[in-house]
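Student: For reference, the chains in residue letters:
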Amino acid sequence: DIQMTQSPSTLSASVGDRVTITCRASQTMSNWLAWYQQKPGKGPELLIYRASNLQNGVPSRFSGSGSGTEFTLTISSLQPDDFATYFCQQYKTYPYTFGQGTKLEIK
Amino acid sequence: VQLVQSGAEVKKPGESLKISCKTSGYSFTTNWIGWVRQMPGKEMEWMGIIYAGDSDTKYNPSFQGQVIMSADKSITTAYLQWTSLKASDTAMYYCVRRDDYNHGYFDYWGQGTLVTVSS
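Heads up: the protein sequence lines correspond to chains U and A, in order.
Just so we're aligned: 83 in the numbering used here is position 83 of the first sequence, and the numbers increase by one with no gaps anywhere.
If you want the numbering used here, it's the 1-based position in the second sequence plus 1000.
All clues stand as given, with none of them false.
Here are a few chain U residues that face chain A, going by a calculated C-beta distance under 7 Å:
{"no.": "1", "residue": "Pro44"}
{"no.": "2", "residue": "Leu46"}
{"no.": "3", "residue": "Pro95"}
{"no.": "4", "residue": "Tyr96"}
{"no.": "5", "residue": "Phe98"}
In case anyone wonders, no lab produced these hints; they're calculated from the structure.
For glycine and all other residues, C-beta sits at the position ideal for the given N, C-alpha and C.
Looking at chain U on its own, in the form it has when it is part of the complex:
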């Protein structure tokens, strides 16, 4: 299985900050990576697919980059609605696997 290691597990930031979350894969996987946002009590929502493609309707302050084994999710200017948990998912091979999640908290 491809192991996904996500960091940091918790991130404290303020409105307006630029933040970056990293996902590292245990083996190369081209750009078959997605990022999701999850808010308490709700199902996750897709933000980014194929490492850098923004899902329809997702604000442009979200961006993704990377290929191979290292990937990043960047939020350029945090808004109050962005404080949530973020996680990555690889879909290069079965079984699909997820990162452990990053909880983005208000500083």
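With chain U held as given, fit chain A onto it using these hints.
Tutor: The following block gives chain A in isolation, referenced to the frame of chain U:
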């Protein structure tokens, strides 16, 4: 597109359970529907996917034999079932729709069904 899951369940070890995921807003038979488990405080785990058109299934080996996925085209609903629950099945379960291009990411998620197994 909407995926609406059945409500929370409280069961005893050894009991059976079938939870559902009612879909709407797209062609049910041309997408794969999957299930994802999230145990308390743990990362998401992909359990498997089913192609609603012909009920072809692909299971995560970790869940093969532990659960059964099915789909009913007539009511555009997917199911996840257990024949004998264990305490370790306590978790939130999400149904997910695999993307239209069948790459493997999940473009829509249900709201989750909390399953609690306790004696």
